[in-house]
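Student: Start from the sequences, fold in the hints, and give me the full structure.
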Amino acid sequence: MQRVASPPDGPIADKKPDEVPGRKPMIVAENVHKWFGGFHVLRGISLTVHLGEVVVIMGPSGSGKSTFIRTVNALEDYHRGRIVVDGIELTHDLKNIEAVRSEVGMVFQQFNLFPHLTALQNVTLAPVWVRRWPRKRAEQVAMELLERVGIPEQAHKYPGQLSGGQQQRVAIARALAMQPKMMLFDEPTSALDPEMIKEVLDVMRNLAASGMTMVVVSHEVGFAREVADRIVLMDSGVLVEEGTPTEFFQNPKEERTRRFLAQIL
Amino acid sequence: MDPQPQAGKASLQRSRALPQPGEGPPPAPRLGAVGWVRQNLFSTWYNGVLTVVCVWLLYAAGTRVLAWVFATAQWTVVRVNLRLFLAGRYPQDQTWRIWAVVLFVAGLGVASWAAWNAARRHPAAAWFRRRLPLAWFLSFPVVVWLVRGGAGLPVVDTSLWSGLLLTLLLAVVGIVGSFPLGILLALGRRSSLPAVRALSILYIETVRGVPLITILFMAQVMFPVFMPEGVRPDRVLRAMAGLVLFTSAYMAENVRGGLQAVPRGQVEAAMALGLKSHLVVLLIVLPQALRAVIPAIVGQFISLFKDTSLVAIVGLSDLTGIARSILAQPQFLGRYAEVYLFVALVYWIFSYSMSLASRRLERQLGVGER
Ligand SMILES: Nc1ncnc2c1ncn2[C@@H]1O[C@H](COP(=O)(O)OP(=O)(O)OP(=O)(O)O)[C@@H](O)[C@H]1O
Ligand SMILES: [Mg+2]
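Protein chains in written order, with the working numbering: chain A, 966 to 1230; chain B, -6 to 363.
Treat the hints with care, as some may be off.
Unchecked claim - Straight-line Cα separation of at most 25 Å, DMTMM-like style, residue types lysine to aspartate or glutamate; simulated pairs: (1) A:K1163 with A:E1109; (2) A:K1146 with A:D1051; (3) A:K1122 with B:E355; (4) B:K269 with A:E1212; (5) B:K269 with A:E1191; (6) A:K1146 with A:E1054; (7) B:K269 with A:E1063; (8) A:K1101 with A:D1058; (9) B:K269 with A:E1041; (10) B:K269 with A:D1058; (11) B:K269 with A:E1104; (12) A:K1146 with A:E1063; (13) A:K1122 with B:D86; (14) A:K989 with A:E1063; (15) B:K269 with A:D1051; (16) A:K1060 with B:E355; (17) A:K1146 with B:E261; (18) B:K269 with A:E1068; (19) A:K989 with A:E1212.
Just so you know, these hints were derived from the structure itself, not from any lab.
Tutor: The following block contains the structure:
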């Protein structure tokens, strides 16, 4: 339950230095560029996310936040630079792109639950078909996850019968079912009514507290203050500023950040 | 659409205490039978005139039809030839095989229906329900074996397949064959491989550009020309091939419509879970796409079923072909009305059943619910 900020007690000498919790880089992006036709969306993004870290990405609409987060699990390709996820470089000719994706959970703004499957089937789908778990075991794990996100009683309902907040929690459980090493969230609460935002943020808080590596695109200031280890501001395809929540909110270095904060606070 | 029960409910509710808010069904509009008639049939003077004219027309036509059906028409032609209509020239002493097919299919149908409905309660039913597609798939060779013979049964040559039997066989083979072929063509048309895409488009657009009758003629006349001497697939088989090839092009376009209706986010979510692309198509895209186009697909099947009547023109004796030969019997010369009315009724029964089944299926799968 405790954050992994400080190295654990006891001998760590027999571990390689980059395996010390909090040190191991899970996502390394170096000078990433991407164009949509003639439009330069990502203009040299460099960001490293370490094991157990929670990074919140903020920024105005159209600044390329979604595009960047989607390059991390290769839903979008990129044209220059380098992205390494858990030691595997994402290249065009990467044979097992699915293997990388199965280690990276993703939660979408629009939930994207599979409407023809029940909540439980949504969660068991990937473990059964990708991990090849027996159905029994997959269902057991799925039920545990649905309990963890607080909706075990909705297991046999279809997405169309669930509220937005419930759907998004199923979507989180679905991503967690693959036992991913890190989770990406693309504005997970922006499509939700205010009263449902909290239930989703609570789930994400618990997830962060359990030590999950997370990259979250979000404008939830309270959540960012409380949970983020680092906040970055993205604007027009570049990372403008990066800092701890205190630095970011109380003492921003860049004029651009101050203007952005003036708008959302 | 069906206001009578509503009106009844309304008059029932009148005598009850007003329901408390938040309890009971929503109140029905309070209309008696007279009120309903006034509101729906005589709301304005021209609606009133229209109603009167329609009722008069219905009455005049209806009584004449009934008089013809029960007094004038001579149904002997149907009664005497019933077996010919249904089983055609299938050997008399082998008729039991057709009954066996009917029983077998009906049994499988009832079992499927039971399993579908009991799947929630009984694990065995759920087990069977998951294997229903397989069961139906395997039933196909069984039916073919029963009808055609071989492996212990005397072979009945396809030239003896006729009547409703032939019509149904053509339709079933057409449906079973064109469905997967259509899906493959639809996927091919959206493939990222240019060659596959081009071939699919070429095929679909070529076939959709010509009438079915030309394809059937080509299958009968041209096909043998291209084949080496001595290889002569039989006429029924060739007609089946023609129907499958024709229908699959239309099926492909229907399925493509469904594929386009699946949001991009579905594919992305599936890929993000690490599913390989063929599994994404199989588990996520196709089920949603096919559900969305059930009405169109069933419509296609119904029109295929009726289109099988065109094989009569290339010399096969399907239901309409048999009808023509019955009309040539000396004692029934000129009994067109009776014969074709009966034939139409048979077509209608099957088409309407398919329509009903499709609506049931749509409801079961909750199309349009989300
Ligand atoms: N597939 C695409 N083709 C062309 N342009 C695109 C595509 N996807 C995104 N864009 C453009 O790229 C820019 C960045 O989009 P992106 O979705 O990454 O922004 P964002 O920061 O996530 O914005 P928001 O806060 O609105 O979600 C936008 O101007 C958008 O119009
Ligand atoms: Mg976005």
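Student: Each hint needs a verdict: does it hold in this structure or not?
Tutor: Cross-check of the supplied hints:
no.: 1; hint: A:K1163 with A:E1109; verdict: 21 Å, holds
no.: 2; hint: A:K1146 with A:D1051; verdict: 8 Å, holds
no.: 3; hint: A:K1122 with B:E355; verdict: 18 Å, holds
no.: 4; hint: B:K269 with A:E1212; verdict: 43 Å, violated
no.: 5; hint: B:K269 with A:E1191; verdict: 37 Å, violated
no.: 6; hint: A:K1146 with A:E1054; verdict: 16 Å, holds
no.: 7; hint: B:K269 with A:E1063; verdict: 6 Å, holds
no.: 8; hint: A:K1101 with A:D1058; verdict: 36 Å, violated
no.: 9; hint: B:K269 with A:E1041; verdict: 16 Å, holds
no.: 10; hint: B:K269 with A:D1058; verdict: 15 Å, holds
no.: 11; hint: B:K269 with A:E1104; verdict: 21 Å, holds
no.: 12; hint: A:K1146 with A:E1063; verdict: 14 Å, holds
no.: 13; hint: A:K1122 with B:D86; verdict: 54 Å, violated
no.: 14; hint: A:K989 with A:E1063; verdict: 22 Å, holds
no.: 15; hint: B:K269 with A:D1051; verdict: 20 Å, holds
no.: 16; hint: A:K1060 with B:E355; verdict: 40 Å, violated
no.: 17; hint: A:K1146 with B:E261; verdict: 19 Å, holds
no.: 18; hint: B:K269 with A:E1068; verdict: 14 Å, holds
no.: 19; hint: A:K989 with A:E1212; verdict: 24 Å, holds
Hint violations for this structure: numbers 4, 5, 8, 13 and 16, all remaining hints satisfied.
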